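Visitor: The primary structure of each chain is shown beneath.
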Amino acid sequence: MALLQISEPGQSPNPHTRTFVAGIDLGTTNSLIATVREREVLVLPDAAGDVLLPSVVRFEANGQVTVGRAAQQAEIQDPLNTIASVKRLMGRGRADVGDCPYRLAGGDEGMVRIETAAGPKTPVEVSAQILAALKARLEEAQGGALASAVITVPAYFDEAQRQATKDAARLAGIEVLRLLNEPTAAAVAYGLDRNPEGLYCVYDLGGGTFDVSLLRLSEGVFEVLATGGDAALGGDDMDAAVVALWTARGARAGSPEASRRLLRAARDARERLTGETEVAVDVAPIYTGRLTRSELDAAIDPLIDRTLVACRRVLKDAGVRIADIGEIVLVGGATRTPRVRERVGDLFRKTPLHDIDPDRVVAVGAARQADLLAGNAGAADMLLLDVIPLSLGIEIMGGLTEKIIPRNTPIPASRAQDFTTYKDGQGALAIHVVQGERDLVTECRSLARFELRGIPPMVAGAARIRVTFQVDADGLLNVSAREMTAEVESRVTVKPSFGLSDVEIERMLQDAMASAEADAAARTLREQQVEADRMIEALGAALAADQDLLAPGEREALAARIAALKEARDGADPQRIREQIAALDRASAPFAARRMDAGLERAMKGRSVTEFR
Amino acid sequence: MARNYFELFELPARFDIDLKDLAARHRERIRVWHPDRYAQGSSEERRRAVTTSADLNDGLKVLRNPVSRARHLLALRGISTDEDTDTSMDADFLMQQMAWRERLEEGVGRPEEVTALAALVAQSRDAKESALAGLLDGEQTTDLDRARELVRELQFLERFARELDCATGEVL
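Those protein sequences? They're chains A and B, same order as listed. Everything in the first sequence is counted per the working numbering, starting at 1 for the first residue and increasing by one. Everything in the second sequence is counted per the working numbering, starting at 1 for the first residue and increasing by one.
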């Protein structure tokens, strides 16, 4: 199959083409791309001069995909096919997603899918569209190819969410140099510009996620001491709180469109209240009224409280007192809200830093780190040491979690633990990898299941199975299990249950590149194959069940037809499959008719005693 | 237990080590081995970078904490502390533990009481750690069974100290 070719950074297949590395902030509300040119970070704007690409993607029935401002403008007229805040759905299953303005598909297994006019889309595919748009922006502006990038993720993102982000990059044809935690990126942006030593607290309140991280900078080493936060808390929730206030005052949002308009008005009012103390709100006929700064403050205070609790917890985890904190860095558009600044300042008894635009600071840091990893930044001898945000463990007897790598362990990390069998002669061991802080497996995130087979027969408790976890610098996990006495080994790269398989990714890559025509042909072929399989299976079952109804020679004739259909099914011609299905259908019609008659007869007999008396 | 973390940091296998020196050695090595240094390297180089820096991080964690450091030293001498299977403890030590736990329960809500108890526990840990250093770092091989016992007692005390920490957190 045709895969996108990616050359080594700096080694373009065509020596006249320049390649670039970039930092990408893939945000809930907005996304940005930045690159370093002659030691200066350049946050790249679109043709209209805007650096923020709204993280909104619209899928139309004709296959047209729009990203950014244009998609955002279609949000109100076409709410179900215009996907915003998709980051919240990354690496999530159907059961994880509560209220959502889209039509969701997908059962209990696998990542949630969004039904659009252009078919079901995974959050990975939607994010890949955003990344591809940023890639195109850079390539147009710089006249070269984007070789690879550092992409930022919330520090609180779990394994499945990180893997989904990496998958999206792969789908967009971007090689990931490193997944970098957003707060770390922000500190990189400030640290490199000023270069003081000490403790930083990064308070990042974006559109949909809240992160707080404690970092120590000394001698060019950035060390993440602890992280915390809430993967589902942000400016969107503030908007929702404002809408709830208006609903209590009589606003009626009956349709998805109306609630979008209300949310849009809430965001607008919130932004205007940064400079004003009272604003007029006009969302006629749904709602008209006024909103004051103090009403807004009261509405969002409970949300700010949650962020401050997370801050205290992180300080406690790291064994750091508030007085030890040197600087507080504010990140994310929602930190422009005066009430947020005020209360963060109160907690830390210090005015937070905000002189780098809180919307750009993450992209700036990511670009610097990309430059460094590409080997371009000669002078800066900086190293980032990250920690794992959530504990990794496995399920043990009784549905309990045994933590193998605890939260806030520096990465890369590896840890081994021995387990044993609980039954005599047990030949296999099921290993269920989970992530989370709770003791019950059901309250943690399930990442993967695999089996270690071929354990030689032993009495219960005699086998010694060593399970090894290895986490790389991106926070992604590899697990292996090995029976030590017999040297049986089983190894998996954890593909989170909510992630996508390699096969799925390849299918998506293929889908993305094939023309619409080829796409349709592939679908037709697949449909005919499914139909053929269904028919072969049904007829096989019928032949086995009702051999006595077959006429002489009929079995052989049908078997020949089945073989012919099987052959066509394994080919690539949907028309041939269709013909063979029809032929088998005709050939088996008499047999099918006799089976129906016999079935009817049996049914009558069975009921005769009780009902036809 | 094949890996010797002391060798990884080029330190003598002793219980009494300088934690600042350990941290500096870790930093020096992680600077060289971190996967970010091999972002453009071959896949074999990257694999080695991940494994080595994971070992360095793990080694730092094991050696930084006195209980795991002592356990590691005993393991290097072929002695397992078996906390999971062997639960026998010195009777006097257990009595003292029970008495302290009662004091903690009674002391909840009285910060000065909890603080006094915490000081007592810290004192006991210091004493046991010095004893352990004497046994593990002594010239000739001495009573390793006693060292094993001390490690297990320290493990108990460490857990109790954490509970005390939480209790002080609550009253403050």
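I should point out that these hints are in silico values taken from the structure, not numbers from a laboratory. A quick note: this is a predicted structure, and the numbers were derived from the prediction, not measured. Errors might be hidden in some of the hints.
[Unchecked claim] Partner residues aside, some chain B positions facing chain A, computed with beta carbon under 10 Å: (1) Asp36; (2) Ser43; (3) Ala161.
[Said to hold, decoys possible] Reference listing, derived: stretches of chain A covered by chain B, where coverage requires no fewer than 3 residues with Cβ under 8 Å from a Cβ of chain B: (4) 410–421; (5) 469–475.
[As the list claims (entries may be wrong)] Calculated pairs, EDC-like style, for lysine to aspartate or glutamate (alpha carbon to alpha carbon, straight line, at most 16 Å): (6) Lys61/B to Asp533/A; (7) Lys316/A to Glu163/B; (8) Lys316/A to Asp92/B; (9) Lys566/A to Glu579/A; (10) Lys128/B to Asp165/B.
We treat Cβ as the ideally placed atom computed from N, Cα and C, and that holds for glycine.
Visitor: Each hint needs a verdict: does it hold in this structure or not?
Guide: Hint check results:
no.	hint	result
1	Asp36	holds, 6 Å
2	Ser43	violated, 12 Å
3	Ala161	violated, 13 Å
4	410–421	holds (count 6)
5	469–475	holds (count 4)
6	Lys61/B to Asp533/A	violated, 56 Å
7	Lys316/A to Glu163/B	holds, 14 Å
8	Lys316/A to Asp92/B	violated, 34 Å
9	Lys566/A to Glu579/A	holds, 12 Å
10	Lys128/B to Asp165/B	violated, 20 Å
When each numbered hint is compared with the structure, violations occur for hints 2, 3, 6, 8, 10.
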